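Using our numbering, the letters of the sequence shown map in sequence onto residues 1 to 185.
A hint or two may mislead.
20 Å max Cα-Cα, derived EDC-like pairs, lysine to aspartate or glutamate [to be verified]:
1. K55 with E149
2. K107 with E71
3. K107 with E45
4. K156 with D171
5. K107 with E57
6. K38 with E71
7. K38 with E57
8. K143 with D178
9. K40 with E57
10. K107 with D93
What the hints contain is simulated information worked out from the structure, not anything from laboratory work.
Keep in mind the model is a prediction, meaning the values are calculated, not measured.
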Amino acid sequence: CQPDLSVHMNMYAVPSPGMPGCPPGLEYLTQVDQLLMKQKVELVEALVGFESNNKYEIRNVMGQNVFYAVEENDCLSRQCCGPLRSFTIHVLDNFGQEIITVTRPLKCMSCFFPCCLQQLEVQSPPGNTVGYVIQQWHPFFPKFIVANEHNEPVLKIHGPFCGWSCLPEVDFEVDLFDLLNASSC
C-alpha cells in the first residue's frame, strides 16, 4: 500500500534555470498558463472498485508530461473514507525528485453541515510550507481559496456545478483574489 515514487515515463525535459523567490523545480511554472492533470486509473481499480493510491500525469498544453504526482495513504482510509480521506501527494519532477508535497488531514464534511471544510497544506521544497488551499462552503459549486504561507488569500478557484461530471475533463477556473469583493468568492 506504499506509493511507488519511481518515474518510468517519457517526461518532457523541463528547463530549470533557477529563479529568485521560486522554489527549486518549479521554475517551469513561470512559463506556462495552463497545466492538464490526468488521473491514471488502474485496471484492477476500474474492474473491481478496490481503491488504490491515485497517480496523476501533469502535462503541458502540448501533451508532454512535465510532472508526476503520487498519492500516499493507508489502504483502510481509501476503502472506508473515500474522497474525504486524508492523504499526502508527492509531486515529482522529470528526474523523479520530489518538488512539492501536499497534505490533507481527514475531515468529515457534508454539503449541508459545513463545519469541517477541507484544507490542504502545500510545501515546496518538502518541509517548507508555501501555502494552503482552503475549501469555501457552497451547496452546489466547489470553491476554494489559495492562500500564501501567512494564510493570506491570493487566488480563488471555482469548479463546475455539483463538483463532478460524467465527462472526461472537468475545468476549474483560477482567478486572482479580489480583496475588495471578497464576499463574491
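Against the structure, the hints:
For the hint pairing K55 with E149, the CA-to-CA distance comes to about 26 Å; that exceeds 20 Å, so the pair is violated. For the hint linking K107 to E71, the alpha-carbon distance of about 17 Å falls within 20 Å, and the restraint holds. Note on K107 and E45: the hinted pairing is violated, with a Cα-Cα distance of about 24 Å set against a maximum of 20 Å. Taking the CA atoms of K156 and D171, the gap is about 14 Å. The hint holds against a cut of 20 Å.
At roughly 26 Å between alpha-carbon atoms, K107 and E57 are farther apart than 20 Å, so this suggested pair is violated. Only pairs whose Cα atoms come within 20 Å are accepted, and K38 paired with E71 is accepted, the gap being roughly 13 Å. For the given pair, K38 sits about 5 Å from E57 by alpha-carbon distance, which is consistent with the 20 Å threshold. Note on K143 and D178: the hinted pairing holds, with a Cα-Cα distance of about 15 Å set against a maximum of 20 Å.
Restraint check for K40 and E57: satisfied, since their Cα atoms lie roughly 7 Å apart, inside the 20 Å limit. Only pairs whose Cα atoms come within 20 Å are accepted, and K107 paired with D93 is rejected, the gap being roughly 29 Å.
Hint violations for this structure: numbers 1, 3, 5, 10, all remaining hints satisfied.
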